[in-house]
Amino acid sequence: MTLPDAKSLVDYAKSLDCIHCGLCLQSCPTFRLTGAESSSPRGRIHLMRAIGEERVEPNAAYGEELEFCLLCRHCESVCPAGVRFGPMMESARASYESVRPSGFLRRQLRSFGFRRLLPGRIALRLFGSFLRAVQVLGLDRIAFLVLGERGRDLVHLPRIAPLSARRLLPETIEAKVENGQEAAVGFLEGCVMPELFPHVNRAAANSLAALGARVHTPRGIVCCGSLHAHNGDLEGARMLARKLIEGFEPIKGGDGEAAPIVIHSAGCGAHMRELFELFEADDPWHARATAFAARVTDFTQYVAPLLAARTDVELDEGALEGPVTWDDPCHLCHAQGVREEPRDILARLVPNRRVELEGSENCCGSAGIYSLLRPADSRAVFEPKRAALERSGARTLVTANPGCQLQWQTGLRRAGSSVRVLHLAELVERALSRARSGRAGQQGHSAQQDA
Amino acid sequence: MDTKLVAALRAVVGERGLIDDPTRLLPYESDGLAMLAVRPPLVLLPRTTAEVARCMQLLAEYGVSIVARGAGTGLAGGATPVADGVVLSTARMRDVLEVNVEDRFARVQAGVVNVDLSGLCQAHGLAYAPDPSSQMACTIGGNVANNSGGPHCFKYGATTRHILGLVIVTHDGEILDLSEPVVDPDGYDLVGLFVGSEGTFGVATEVTVRLVPAAPVVEVQLAIFADLDAACDSVSEIIKQRLEPSALEILDKLTIEAVEDSVFAAGYPREAEAVLLIEVEGVETEVNGIAREIRTILEARGALEIRTARDATQRKKLWAGRKGAFGAMGRIAPDLYVADAVVPRTKLRDLVRRTIEICRERDLRLANVFHAGDGNLHPNICYDRRDPDEVRRVLAAGHAILEACVEAGGALTGEHGVGLEKLAEMELLFTADDLAAMCRVREAWDPERRLNPGKLLPMHACLEIRTAALPPAPTSLDT
Numbered sequence: 001m002t003l004p005d006a007k008s009l010v011d012y013a014k015s016l017d018c019i020h021c022g023l024c025l026q027s028c029p030t031f032r033l034t035g036a037e038s039s040s041p042r043g044r045i046h047l048m049r050a051i052g053e054e055r056v057e058p059n060a061a062y063g064e065e066l067e068f069c070l071l072c073r074h075c076e077s078v079c080p081a082g083v084r085f086g087p088m089m090e091s092a093r094a095s096y097e098s099v100r101p102s103g104f105l106r107r108q109l110r111s112f113g114f115r116r117l118l119p120g121r122i123a124l125r126l127f128g129s130f131l132r133a134v135q136v137l138g139l140d141r142i143a144f145l146v147l148g149e150r151g152r153d154l155v156h157l158p159r160i161a162p163l164s165a166r167r168l169l170p171e172t173i174e175a176k177v178e179n180g181q182e183a184a185v186g187f188l189e190g191c192v193m194p195e196l197f198p199h200v201n202r203a204a205a206n207s208l209a210a211l212g213a214r215v216h217t218p219r220g221i222v223c224c225g226s227l228h229a230h231n232g233d234l235e236g237a238r239m240l241a242r243k244l245i246e247g248f249e250p251i252k253g254g255d256g257e258a259a260p261i262v263i264h265s266a267g268c269g270a271h272m273r274e275l276f277e278l279f280e281a282d283d284p285w286h287a288r289a290t291a292f293a294a295r296v297t298d299f300t301q302y303v304a305p306l307l308a309a310r311t312d313v314e315l316d317e318g319a320l321e322g323p324v325t326w327d328d329p330c331h332l333c334h335a336q337g338v339r340e341e342p343r344d345i346l347a348r349l350v351p352n353r354r355v356e357l358e359g360s361e362n363c364c365g366s367a368g369i370y371s372l373l374r375p376a377d378s379r380a381v382f383e384p385k386r387a388a389l390e391r392s393g394a395r396t397l398v399t400a401n402p403g404c405q406l407q408w409q410t411g412l413r414r415a416g417s418s419v420r421v422l423h424l425a426e427l428v429e430r431a432l433s434r435a436r437s438g439r440a441g442q443q444g445h446s447a448q449q450d451a
Numbered sequence: 001m002d003t004k005l006v007a008a009l010r011a012v013v014g015e016r017g018l019i020d021d022p023t024r025l026l027p028y029e030s031d032g033l034a035m036l037a038v039r040p041p042l043v044l045l046p047r048t049t050a051e052v053a054r055c056m057q058l059l060a061e062y063g064v065s066i067v068a069r070g071a072g073t074g075l076a077g078g079a080t081p082v083a084d085g086v087v088l089s090t091a092r093m094r095d096v097l098e099v100n101v102e103d104r105f106a107r108v109q110a111g112v113v114n115v116d117l118s119g120l121c122q123a124h125g126l127a128y129a130p131d132p133s134s135q136m137a138c139t140i141g142g143n144v145a146n147n148s149g150g151p152h153c154f155k156y157g158a159t160t161r162h163i164l165g166l167v168i169v170t171h172d173g174e175i176l177d178l179s180e181p182v183v184d185p186d187g188y189d190l191v192g193l194f195v196g197s198e199g200t201f202g203v204a205t206e207v208t209v210r211l212v213p214a215a216p217v218v219e220v221q222l223a224i225f226a227d228l229d230a231a232c233d234s235v236s237e238i239i240k241q242r243l244e245p246s247a248l249e250i251l252d253k254l255t256i257e258a259v260e261d262s263v264f265a266a267g268y269p270r271e272a273e274a275v276l277l278i279e280v281e282g283v284e285t286e287v288n289g290i291a292r293e294i295r296t297i298l299e300a301r302g303a304l305e306i307r308t309a310r311d312a313t314q315r316k317k318l319w320a321g322r323k324g325a326f327g328a329m330g331r332i333a334p335d336l337y338v339a340d341a342v343v344p345r346t347k348l349r350d351l352v353r354r355t356i357e358i359c360r361e362r363d364l365r366l367a368n369v370f371h372a373g374d375g376n377l378h379p380n381i382c383y384d385r386r387d388p389d390e391v392r393r394v395l396a397a398g399h400a401i402l403e404a405c406v407e408a409g410g411a412l413t414g415e416h417g418v419g420l421e422k423l424a425e426m427e428l429l430f431t432a433d434d435l436a437a438m439c440r441v442r443e444a445w446d447p448e449r450r451l452n453p454g455k456l457l458p459m460h461a462c463l464e465i466r467t468a469a470l471p472p473a474p475t476s477l478d479t
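Taken in order, these protein sequences are the chains called A and B. Using the working numbering, you'd call the opening residue of the first sequence number 1 and step up by one each time. Using the working numbering, you'd call the opening residue of the second sequence number 1 and step up by one each time.
Isolated chain B, as found in the complex:
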């Protein structure tokens, strides 16, 4: 990295806002997808939108790529660095700028942690609905980039439905203020377009989120099953019956065991083949009614036992087990590959079975824990990144699972984003024309392709457009 550039950046963000020591850079080499690692030459930790803008101007001047990073909990390699670009971390942008209780919105810096935002509104009887499992660490900025989900997105929708406004710093350091807290913006809905763009359109520095009223009554049911099929079928039936709980989550046996061994032990019975976590919320009569109908379905599908929890402590405990599930797998193997695919909810049983077969064929250990209500599968494959053959088998299994899901009419990602992990699979779902169209949108935001290069869209699809429409690319972009 050019020493003049580094000095200029240091002048903007200060000594503590810049990391260029090779040892300290090493922990940035990967995000939650540890199998992909690239040590970046420089990490920036700006504190304000103005600092981000100044950095981006300088980086534009020198033609350097930028990989934005929130907490680095993403599972698709969306924040994996590039060898010749800087990582721009929002970890020091943690200010809450405004909580407007009357108009029910909050304005925060991008590095504010998801769970802190929820905590902030709680006292006012409000909530920020999207609750990814990593919510105790992940940032709102990262949630925006990936259009993150979470158990409660079954009822409330993913992040995009909760973002009212953004302040974005564009590729050349311009500050684009789209933070009007209105539901329907005039002109194109650029905020809607930006959410889920995985750092390829710009860097979001401030986020205005919608707050929803917290439900007066919340009931969590834990249904215990002797087989996974029955749990899947129950979910399909609940959907078919047009019932609307706020969350529907399935955990299989291996997951239950890992969770019960961890600090998040939730009291899931170890002998169960699967448990189904269901949350129902609303006013008393509504909750009673829905819960009763769901119970009927669960019993008909052979649930061995149904436990219910209404007090906050018990509910929290049941959920903590679900949310700690991914990390708890660390007890089984050093690494975990969390696939993320969506299937039609009527086909849950078949596709869950298919994932089990795919992993069995490749001699891999699989744990299934997923947002069943959304048909969002998370096959968790345990592996050890030091074993290259196992890594190959894991990737092959991931590919086969996505192929099966797409074939069944599903999609590639429920909430983790495409990142690096699912680049190849984009072509399973989209034609060359589709991809070319997306590349054109991307180039409107980032004509030099310096924003999170190599992510989200397969490189060659875009390169074809480039060669047709643009002057030759700088060499650094092709490497």
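Chain A on its own, in the form it takes in the complex:
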């Protein structure tokens, strides 16, 4: 096999930004787990640089260190030199994928997962129904016989709803308030969301509509490609990015301006905000991706100011049990720098009942499909999070990313904990519908307005 130019295997220029100060070490979940320098951000950059300088081969040990990383990007939040570790890791993984020895089965599985399953709505729907059948027949309890360690968590997975409850969102949801502003937003249903969390999708879209926006969910847009980018399939990610751009470009507000794209999955949002990273600067798609990325905003960022203007959105006492805590999704706090808005929203919805979660910015171990690919590591990363939740005394944990939500639900069920896990959108929807019915009850009008 002829190796490509060593410097092209990694983002060599970016690797020089690291000054080796080590301030990132303790932010890294895999360094905290192992204490090994090679499993730290500084160590991994050191290896990338060494690959570029041909001091080390892109061998299996190097590949293992790349794959061990959760791509949580916590290190970026603490790096004084501003090293952008995420894009570096993505390109290193993609290059490694091109030189690694890969067996037939692995190649087939990757191709099926990334090129058929994730981008295809029909395939995903079938997969959802298959999972549901497995659950209904109780096969999840013996899945470990076939899948080994990986199958053990299947039994803790949330129940898949029947297909009737997994309806896709309508292409357009009209705004529920007439405020004359004709706000519009683009909305992404996502790949696994309609299968695993259809109620969260509805909650987010309904909340946006209740806050005065017409919600457009373009048909045919399935996966954003973040899982591809994180796992070394940059070409697949590019393909999906182009679809994404084409699907969202026509969505405009009443003023004719491009409408914001509101994302309630932090992992997708982080990827979409950096979509231009996928294209070379001279590629015409680069400019389109840049314009697209500028429109992307997180659900919490869009909703927080609108909720702040209202005084009637407190949740009823009975809606949630006990103290409520917020767990920052890594791709929200580290990759998008969003920290205040979700807390502001919670402070409004459940004043006086919010408790802080120690280490809330640490990764929960979900990390996209990491929990599937490396179940043991994923659980080890999760364990200190669970312990922190226990110490916090919270009875409800709120987050804003499907992966984190799934990881928490599965992990807590495994540990026999009864703490509820919710997406922030679920709380927002509940508070807004309560406010609406409260207003309708008090003032005895506007039934048609709220309908």
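The set of hints was computed from the structure by calculation and includes no laboratory data. It should be emphasised that the depicted structure is a prediction, and the values quoted were computed from it without experimental measurement. Please note that a few of the clues may not be correct.
[As the list claims (entries may be wrong)] From the derived model, a few chain A residues whose C-beta atoms are all more than 10 Å from chain B:
hint, residue
1, L25
2, A81
3, L373
[Claimed, not checked] Short, incomplete list of chain B residues facing chain A, as computed with Cβ under 10 Å:
hint, residue
4, T3
5, R16
6, D21
7, L26
8, P27
9, M93
10, R94
11, G111
12, M136
13, F264
14, M329
By construction, the Cβ of each residue, glycine as well, lies at the ideal position given by its N, Cα and C atoms.
The hints should help you fit chain B onto chain A, whose structure is shown.
For chain B alone, coordinates are given in the frame of chain A:
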């Protein structure tokens, strides 16, 4: 490395406690001083004192050298590996063994991170005072080895004043328990001797630290200056006036720019030539009094503006900028050489000027950020290790700066240690007799010279003693 030895070590520390894969070993080749790199043949990551002791026994049996490593954030090459020795990392020794709030001490494993220790005491109104800029990563064990400082050591003193006890594993694997939490030990103060020995006396595995009460009122002042001289003079004046703030830090323009571009942006004004960070703490009246007198001095010295912060968030932000300064220089060049020298505090202005001249003469980019209150200069020289000529000029500048500081009555290191970086300069400060005496102390702890060989004391000074007093050394030590 002998395969039997490796197997025996693996049996002690387990699969995850030993790294011998060449790729995984590569990131250990340097510490925070990236220009010096040696790939070690083996890294050990023990979890307990007993494991360390067992490893050290085995290594003694096979005559293998040991370089202890904490987080590898040191800036003087103190943890640079040796080609034929193992690196013993404390990164998996992270247990807090005891926090005694009433008697105000804590006992921790050596790999506990400095900032975690501070966080632990906070809830009890206590603090661990030494706060190196790398505190979010560096370990207590590493702090002990280097007698680390930090901004607050101006008032509280460096690490050595905060260590009450140690558990040390000696060169031959004996466990030496010196962990009585008393201020004045009976007999020789071996703990005091050990702190700052840079891994040449043994491996500290447990550390008992003193905790100090957190001050009820803390005020941070940010004084903005149109020139660096005026900032330096203000510090000299504050010292002369016998005022005692808890920290006095200066950042120059290039540093300010780098920090303000980083995630640690603290709101330092970019147009300033220098800022002076001052922290005053104590009870209300005391803080008010000292802060007022300091303000008078700052105004007299021409400060353009003085901002004050008393709430915790604002103070934290101002400090975060200072502590991220070193890493932030990564924005300017791929590598940074952080010199570390001490000068009499009345001569700050002259020596800071001298460092600027030295770097200008050699066409090097210099940023100055330093513990002004302690007279501890940190000239930060930006460079690229891939340019051998630039590396040579950086080293020459470092040498010239240290020479100037020693000449002015200062010292070689404020807090980073001697490591490999300042070996040659030891002879600027010490005579051959001095060095020989130090070598004798070292040999009392480590007769075979297997502990962090080649660091801290110039080799030849010690070799002279060796040849006079000891049987011939094993060949591996001379290479």
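**Asked** Looking back at the hints listed earlier, which ones does the structure fail to meet?
**Response** 1, 2, 4
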